[in-house]
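Just need the whole structure built from these sequences, with the hints factored in.
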Amino acid sequence: MAVCINNLNVWLGSAQILKDINLQFKKQRITAIVGPSGCGKTTLLRSINRTAELEEGFRCSGKILLNGKNIYQSRDVSGIRRKMGLVLQTPVALPLSIKENVIFGARYCRGKNKQELDEINERCLKQAGLWEEVKNKLNKPAAELSGGQKQRLSIARVLAVEPEVLLLDEPCSSLDPASTKVIEELLIQLSRQLTVVLVTHNLFQAQRVAHDTIFMMEGTVVERGPTGVMFSNPQKQETRAFFSGLIW
Amino acid sequence: MLRRCLDLLWLVLFWTAGLFILFVLAGIMGYLVLRGGPVLSWEFLTTAPRGLPLGAEGGVFPAIKGTFYLVLIAVFSAVLPGIITAVYLVEYAAPSRFRDIINLTVQCMAGIPSIVTGLFAYALFVVRMGFGISLLAGGLALGIMIFPVIVVTSRDALLAVNEQYRLVGASLGVSRWYMLVRVIFPQGLPAVISGVLLAAGYAAGATAPVMVTAAVISAGSSGSLFEPVMALPYHLYILFSQQISIERAYGTALLLVLLLLILNAVTLWLRSLKGKGA
Numbered sequence: 000m001a002v003c004i005n006n007l008n009v010w011l012g013s014a015q016i017l018k019d020i021n022l023q024f025k026k027q028r029i030t031a032i033v034g035p036s037g038c039g040k041t042t043l044l045r046s047i048n049r050t051a052e053l054e055e056g057f058r059c060s061g062k063i064l065l066n067g068k069n070i071y072q073s074r075d076v077s078g079i080r081r082k083m084g085l086v087l088q089t090p091v092a093l094p095l096s097i098k099e100n101v102i103f104g105a106r107y108c109r110g111k112n113k114q115e116l117d118e119i120n121e122r123c124l125k126q127a128g129l130w131e132e133v134k135n136k137l138n139k140p141a142a143e144l145s146g147g148q149k150q151r152l153s154i155a156r157v158l159a160v161e162p163e164v165l166l167l168d169e170p171c172s173s174l175d176p177a178s179t180k181v182i183e184e185l186l187i188q189l190s191r192q193l194t195v196v197l198v199t200h201n202l203f204q205a206q207r208v209a210h211d212t213i214f215m216m217e218g219t220v221v222e223r224g225p226t227g228v229m230f231s232n233p234q235k236q237e238t239r240a241f242f243s244g245l246i247w
Numbered sequence: 000m001l002r003r004c005l006d007l008l009w010l011v012l013f014w015t016a017g018l019f020i021l022f023v024l025a026g027i028m029g030y031l032v033l034r035g036g037p038v039l040s041w042e043f044l045t046t047a048p049r050g051l052p053l054g055a056e057g058g059v060f061p062a063i064k065g066t067f068y069l070v071l072i073a074v075f076s077a078v079l080p081g082i083i084t085a086v087y088l089v090e091y092a093a094p095s096r097f098r099d100i101i102n103l104t105v106q107c108m109a110g111i112p113s114i115v116t117g118l119f120a121y122a123l124f125v126v127r128m129g130f131g132i133s134l135l136a137g138g139l140a141l142g143i144m145i146f147p148v149i150v151v152t153s154r155d156a157l158l159a160v161n162e163q164y165r166l167v168g169a170s171l172g173v174s175r176w177y178m179l180v181r182v183i184f185p186q187g188l189p190a191v192i193s194g195v196l197l198a199a200g201y202a203a204g205a206t207a208p209v210m211v212t213a214a215v216i217s218a219g220s221s222g223s224l225f226e227p228v229m230a231l232p233y234h235l236y237i238l239f240s241q242q243i244s245i246e247r248a249y250g251t252a253l254l255l256v257l258l259l260l261i262l263n264a265v266t267l268w269l270r271s272l273k274g275k276g277a
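Top line first, the protein sequences correspond to chains Y and S. Per numbering that gives the first Met the number 0, the first sequence starts with residue 0, numbered consecutively. Per numbering that gives the first Met the number 0, the second sequence starts with residue 0, numbered consecutively.
Quick caveat, the hints were computed from the structure, so don't treat them as lab data. Some hints here could point you the wrong way.
To be verified - Subject to a maximum C-alpha distance of 25 Å in a straight line, what follows is the list of computed DMTMM-like cross-link-like pairs (lysine to aspartate or glutamate):
1) 62(Y) to 175(Y)
2) 98(Y) to 42(S)
3) 136(Y) to 75(Y)
4) 235(Y) to 19(Y)
5) 139(Y) to 162(S)
6) 64(S) to 42(S)
Here it is in structure tokens:
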């Protein structure tokens, strides 16, 4: 079990965002988290990546275990954040060149060995399926890329710090169908090496790529199971209502 | 019908207000050019004041030099503390009572009348530390005056940088310093520099702090830190308050306004560069 969440409660100020979450994310599998807006999906991802605590008034109880170790007891917060790679909803290209974007984190934690950084750059761009499109303009500003390319660049940037888990927060919500397809194929490939957690609003996307699906509502996990079973035979009333488009 | 009339009324009101500002500005500039224009000459710019009473003839070269040095010292003394304070407020300080107090203090500092800043600088630098009426004392007085301006403009420049960049940095586990040096500061830099130039313009035009700490009616403005200097706004003040030469006062005023205009034009241009980072 790669990531194991036990009795996680999260508050922001006086509002309780996550209530008694118990989940496991397995290695080499894609887990999709679906649910209505504001149900705590993003907070859950950011709690796993340990960036939720940057918000004002963050408090949490319970445990999040990575390979059996509680990440909230680790002193090396940066190390945890690198192991739990996070891709944001809006594609973000840092105002640097394409190559410097990819090796942004790697340069910080691995040093300045040019040859090594070049290798990381090429490997991660290839993994993110972007190499062929950008190999001749690595030193151009990343702002020139399209939305879908920027999102793959974000993924390459996260891969460059060698995460064990890849957390994606609605990575395709601002992309066109063609770019979405590219990213979905990429996720399936990446899941051969990594634990992938995908928050999505798109139920078809969950059906297409996820091995397991979790349905959340109002800060709690309502139902979870293998994707096929969840969609064909949901057990809970709320899940059925959501899947048939009654709750958004 | 009534709505359309009201709409029209508002439109007329806004246009009038806007045109009024333009009218006032054009009036001031036009009058300065009309009265001061004839005085402006190469000789006026490059010679020292002469005649009796002093200033009735000759130029303002030492005052230009003096103002240049004063602004230079003010900017040098205030830029580093100002920018560091802004970086602390935006990037490092956790939301806390302490941060709120610093923000409030800076805001209040910006509201201190400049003559009070001058009085303070006089007591501290001129008397207590024994600098005397000098370039250094005046430059530092102006430095104190523009410090809050630099903090506020730099703070807003850094705050304006895309918040998502910080989240990307944090989620990659890089330090705040690395993020600041590689991304945040380069992005905010044009706006920071334009804020500094704005503050420099503010210092160049300020009379009160200078007249009690640095400026005299006549001096060579050699650049020596412990000697008094001439300054454009103070020279202007003396020329017309002592009725020495009204045309020369207008000439000096025009020169000062032109210098500030150039400074502000550069500022605007720099601001337009913001966010175009490669």
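Verification of the hints:
1. Restraint check for residue 62(Y) and residue 175(Y): not satisfied, since their Cα atoms lie roughly 37 Å apart, outside the 25 Å limit.
2. Annotation: proposed proximity of residue 98(Y) to residue 42(S) is violated, straight-line Cα distance about 56 Å (limit 25 Å).
3. The suggested pairing of residue 136(Y) with residue 75(Y) is violated, with an alpha-carbon distance near 36 Å, which exceeds 25 Å.
4. A hinted pair counts as satisfied when its Cα atoms are at most 25 Å apart, and residue 235(Y) with residue 19(Y) qualifies at roughly 18 Å.
5. With a C-alpha separation of about 23 Å, the suggested pairing of residue 139(Y) with residue 162(S) holds against the 25 Å cut-off.
6. With a C-alpha separation of about 15 Å, the suggested pair residue 64(S) and residue 42(S) falls inside the 25 Å cut-off, and the hint holds.
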